[in-house]
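Asker: Modelling step: build the complete structure from the supplied sequences, incorporating the hints.
Protein sequence lines correspond, in order, to chains A and B.
This note's numbering applies: residue 1 is where the first sequence begins, and numbers increase by one.
This note's numbering applies: residue 1 is where the second sequence begins, and numbers increase by one.
Watch out, some of these pointers could steer you wrong.
Claimed, not checked - Mimicking DSBU-like on lysine-lysine, the simulated pairs with C-alpha atoms at most 30 Å apart in a straight line are:
1. B:350 - B:7
2. B:88 - B:98
3. B:350 - A:2
4. A:35 - B:37
5. B:237 - B:120
6. A:21 - B:237
7. A:2 - B:374
8. A:21 - B:338
9. B:88 - B:120
10. B:37 - B:7
11. B:350 - B:374
12. A:21 - A:35
13. A:35 - B:350
14. A:78 - A:2
15. B:350 - B:338
16. B:338 - A:35
17. B:338 - B:37
18. B:37 - A:78
19. B:350 - A:21
20. B:237 - A:2
21. A:78 - B:237
22. B:98 - B:37
23. A:2 - A:21
24. A:35 - A:78
None of these hints come from the bench; they were simulated from the model.
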Amino acid sequence: MKYCIRLYQDDNVATVLAHVKQGDELTVLDIRMQKAGVIRAAEDIPFAHKIGLREIVNRGIVIKCGERIGRATRPIPKGSYVHVHNVVSIEGTTAVKNSDGRGEAR
Amino acid sequence: MTFDGYKRPDGQAGARNIVAVLPTIGCANEIAFQIAKAVPQSDAMLHNHACIRLGEDGARARKTLAGIGENPNIGAALVVGLGCEPIKADEVEQEIRKTGKPVIRVSLEELGNYDAVVEKGVAALRALTAQAEQMRREPCDVSQLTVGIKCGGSGAVSAISSNPAVGKAADLIIQNGGKVIFTETAELIGAEHVLAKRGATPAVGRALLNVVADMKTEIARYGVDLLGSEPTQGNIKNGLTTIEEKSLGAIIKGGTMPLNGVLRYGQRPQQPGLYFMDGTTQASQLFLGMFAAGAQIQIFSMGGGLPARMRGLPSYPPGFPALPVLKILGSCDDEAEKPYFDIYAGDILKGLESIEDVGQRIFDTILATASGRKTCTDQKDDYREMLQFYANGLLM
Numbered sequence: 001m002k003y004c005i006r007l008y009q010d011d012n013v014a015t016v017l018a019h020v021k022q023g024d025e026l027t028v029l030d031i032r033m034q035k036a037g038v039i040r041a042a043e044d045i046p047f048a049h050k051i052g053l054r055e056i057v058n059r060g061i062v063i064k065c066g067e068r069i070g071r072a073t074r075p076i077p078k079g080s081y082v083h084v085h086n087v088v089s090i091e092g093t094t095a096v097k098n099s100d101g102r103g104e105a106r
Numbered sequence: 001m002t003f004d005g006y007k008r009p010d011g012q013a014g015a016r017n018i019v020a021v022l023p024t025i026g027c028a029n030e031i032a033f034q035i036a037k038a039v040p041q042s043d044a045m046l047h048n049h050a051c052i053r054l055g056e057d058g059a060r061a062r063k064t065l066a067g068i069g070e071n072p073n074i075g076a077a078l079v080v081g082l083g084c085e086p087i088k089a090d091e092v093e094q095e096i097r098k099t100g101k102p103v104i105r106v107s108l109e110e111l112g113n114y115d116a117v118v119e120k121g122v123a124a125l126r127a128l129t130a131q132a133e134q135m136r137r138e139p140c141d142v143s144q145l146t147v148g149i150k151c152g153g154s155g156a157v158s159a160i161s162s163n164p165a166v167g168k169a170a171d172l173i174i175q176n177g178g179k180v181i182f183t184e185t186a187e188l189i190g191a192e193h194v195l196a197k198r199g200a201t202p203a204v205g206r207a208l209l210n211v212v213a214d215m216k217t218e219i220a221r222y223g224v225d226l227l228g229s230e231p232t233q234g235n236i237k238n239g240l241t242t243i244e245e246k247s248l249g250a251i252i253k254g255g256t257m258p259l260n261g262v263l264r265y266g267q268r269p270q271q272p273g274l275y276f277m278d279g280t281t282q283a284s285q286l287f288l289g290m291f292a293a294g295a296q297i298q299i300f301s302m303g304g305g306l307p308a309r310m311r312g313l314p315s316y317p318p319g320f321p322a323l324p325v326l327k328i329l330g331s332c333d334d335e336a337e338k339p340y341f342d343i344y345a346g347d348i349l350k351g352l353e354s355i356e357d358v359g360q361r362i363f364d365t366i367l368a369t370a371s372g373r374k375t376c377t378d379q380k381d382d383y384r385e386m387l388q389f390y391a392n393g394l395l396m
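Answerer: Structure representation (structure tokens):
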């Protein structure tokens with residue numbers, strides 16, 4: 001059985017710990033390795049990359065470790081591969097635009 | 001709880017007993033190398049510091065040179081200078097002498113010519129080596145340990161296996177009265193608010209937010225996007241998407257204890273506990289800063305991917321035997337590389353081992369290494385690089 005790890009309860013992404021193929025059903029584990037659900041992969045996902053656990057709307061916040069890690073640049077359906085092709089940093093981009101570290105991401 | 005270390009006259013405890021040949025300036029590397037070559041038990045700590053550094057970079061180099069000599073892993077030191085450098089050999093010698101350990105200086109200006117420096121230097125180094133050989137390991141309390149922590153080859157697994165296990169070991173060191181330092185200011189961006197909440201006092205939290213704000217201001221001056229450098233292309237291959245994600249995983253390696261202070265590069269912590277050192281992520285410069293701050297053991301918490309397939313460490317200065325580095329491997333996808341790591345943490349990902357158990361193994365290995373156990377990088381001594389001083393200002 002392939003599985004992924006969701007670090008915090010509120011996270012909308014999990015780290016897959018397998019080389020995932022489209023259609024694979026993954027067990028979602030929490031940080032204590034306890035089963036927290038299942039998710040079907042909508043596409044191939046490389047080892048240690050992220051799967052979307054819920055639908056994320058365009059410009060929606062991606063949450064991991066219970067914190068915001070970036071913003072979606074397009075709608076991300078549940079089970080999709082979540083990475084640099086559909087997520088941008090908020091801090092890494094804002095740091096460029098505003099030295100106070102606040103403001104709009106690109 | 002104890003380890004078998006070298007008790008120094010100033011009360012510190014060494015995990016190694018290195019007889020250092022320390023040039024005060026990169027220009028003196030050649031003479032330092034010639035002297036050390038004649039005395040194989042010594043170690044030439046060749047480096048890149050240049051007198052064409054300005055202001056803060058020069059001041060930092062002065063503290064770093066003294067800090068190298070003061071580190072308890074150094075049993076004795078020969079300081080080698082030219083005489084035309086801003087940081088003179090006699091000044092560095094005096095700083096190191098305050099620790100009570102044997103130290104001698106030779107300088108081209110004082111001795112007049114190259115051959116005289118080599119001749120006097122070799123004789124002095126033989127005398128220092130003879131003194132160091134009389135030093136013996138004896139039980140030292142774990143509270144005398146300072147452990148530096150860095151992560152690298154980071155990926156999404158780092159936050160699940162290697163970094164939590166290293167964090168557990170950090171907690172154990174601190175619970176036993178020791179000191180832990182972690183660093184890499186750029187890798188707090190997006191996670192600084194989480195770590196600042198752990199400040200032992202509000203002032204510590206503010207100091208942490210300030211060093212990150214300064215780093216962001218500096219990045220803004222360059223007008224670039226961080227993607228591709230933070231996270232690196234390698235991090236992205238390993239599943240990290242943004243600097244926030246990388247930072248949130250990176251701070252896990254510091255464990256769960258309160259943050260006692262924010263240090264400058266190479267600054268020595270005074271009280272037990274957890275410290276953050278402001279500075280670079282570049283391994284070579286970072287390790288030298290840790291060493292100058294008194295770290296006797298360095299941990300490199302590796303995620304995996306291509307960097308894990310290197311046999312040493314990417315951008316680590318091989319030829320720095322004074323600072324033993326423990327390599328931890330986080331990814332079960334790189335299990336074939338296990339023989340080149342001191343600790344394999346990848347079984348956490350398979351539910352075969354707990355974070356607590358791997359953390360305990362790391363803690364036990366820290367004590368064994370402090371007592372003389374060779375590390376994977378210690379055993380790989382045929383390739384050397386120069387030590388790198390941290391500088392972030394103009395080079396004339």
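Asker: None of the hints should be skipped; say for each whether it holds.
Answerer: Hints, one by one, checked against the model:
1. Between residue 350 of chain B and residue 7 of chain B the alpha-carbon distance is near 42 Å, which puts this suggested pair outside the 30 Å criterion.
2. Taking the CA atoms of residue 88 of chain B and residue 98 of chain B, the gap is near 16 Å; set against the 30 Å cutoff, the hint holds.
3. As the CA atoms of residue 350 of chain B and residue 2 of chain A are separated by approximately 11 Å, the hinted pair is consistent with the 30 Å bound.
4. Note on residue 35 of chain A and residue 37 of chain B: the hinted pairing is violated, with a Cα-Cα distance of about 60 Å set against a maximum of 30 Å.
5. Of the supplied pair hints, the one linking residue 237 of chain B and residue 120 of chain B is violated, its CA atoms being roughly 53 Å apart against a limit of 30 Å.
6. The hinted pair formed by residue 21 of chain A and residue 237 of chain B meets the criterion: a straight-line CA distance of about 17 Å does not exceed 30 Å.
7. Of the pairs offered as hints, the one joining residue 2 of chain A and residue 374 of chain B is violated, with about 38 Å between alpha carbons and a cut-off of 30 Å exceeded.
8. At roughly 27 Å between alpha-carbon atoms, residue 21 of chain A and residue 338 of chain B fall within 30 Å of each other, so this suggested pair holds.
9. Simply put, residue 88 of chain B and residue 120 of chain B have alpha-carbon atoms about 18 Å apart, close enough for the 30 Å limit, and the pair holds.
10. A C-alpha spacing of about 27 Å is found between residue 37 of chain B and residue 7 of chain B, which places the hinted pair at or below 30 Å, so the restraint holds.
11. For the suggested pair residue 350 of chain B and residue 374 of chain B, the alpha carbons sit about 29 Å apart, so the restraint of at most 30 Å is met.
12. A hinted pair counts as satisfied when its Cα atoms are at most 30 Å apart, and residue 21 of chain A with residue 35 of chain A qualifies at roughly 21 Å.
13. The hinted pair formed by residue 35 of chain A and residue 350 of chain B meets the criterion: a straight-line CA distance of about 13 Å does not exceed 30 Å.
14. Among the hinted pairs, residue 78 of chain A with residue 2 of chain A is consistent with the structure: their alpha-carbon atoms are about 17 Å apart, no more than 30 Å.
15. At roughly 15 Å between alpha-carbon atoms, residue 350 of chain B and residue 338 of chain B fall within 30 Å of each other, so this suggested pair holds.
16. For the hint linking residue 338 of chain B to residue 35 of chain A, the alpha-carbon distance of about 28 Å falls within 30 Å, and the restraint holds.
17. Proximity of residue 338 of chain B to residue 37 of chain B is assessed by CA-CA distance (about 34 Å); at most 30 Å being required, the pair is judged violated.
18. The suggested pairing of residue 37 of chain B with residue 78 of chain A is violated, with an alpha-carbon distance near 63 Å, which exceeds 30 Å.
19. Between the alpha carbons of residue 350 of chain B and residue 21 of chain A the distance comes to roughly 19 Å, so the proposed pair stays at or under 30 Å and holds.
20. Under the criterion of a C-alpha separation no larger than 30 Å, the hint pairing residue 237 of chain B with residue 2 of chain A is consistent with the structure, at around 20 Å.
21. Of the pairs offered as hints, the one joining residue 78 of chain A and residue 237 of chain B holds, with about 22 Å between alpha carbons and a cut-off of 30 Å not exceeded.
22. A C-alpha spacing of about 28 Å is found between residue 98 of chain B and residue 37 of chain B, which places the hinted pair at or below 30 Å, so the restraint holds.
23. Taking the CA atoms of residue 2 of chain A and residue 21 of chain A, the gap is near 10 Å; set against the 30 Å cutoff, the hint holds.
24. Of the pairs offered as hints, the one joining residue 35 of chain A and residue 78 of chain A holds, with about 18 Å between alpha carbons and a cut-off of 30 Å not exceeded.
Violation of the numbered hints given earlier is confined to hints 1, 4, 5, 7, 17, 18; the remaining hints are satisfied by the structure.
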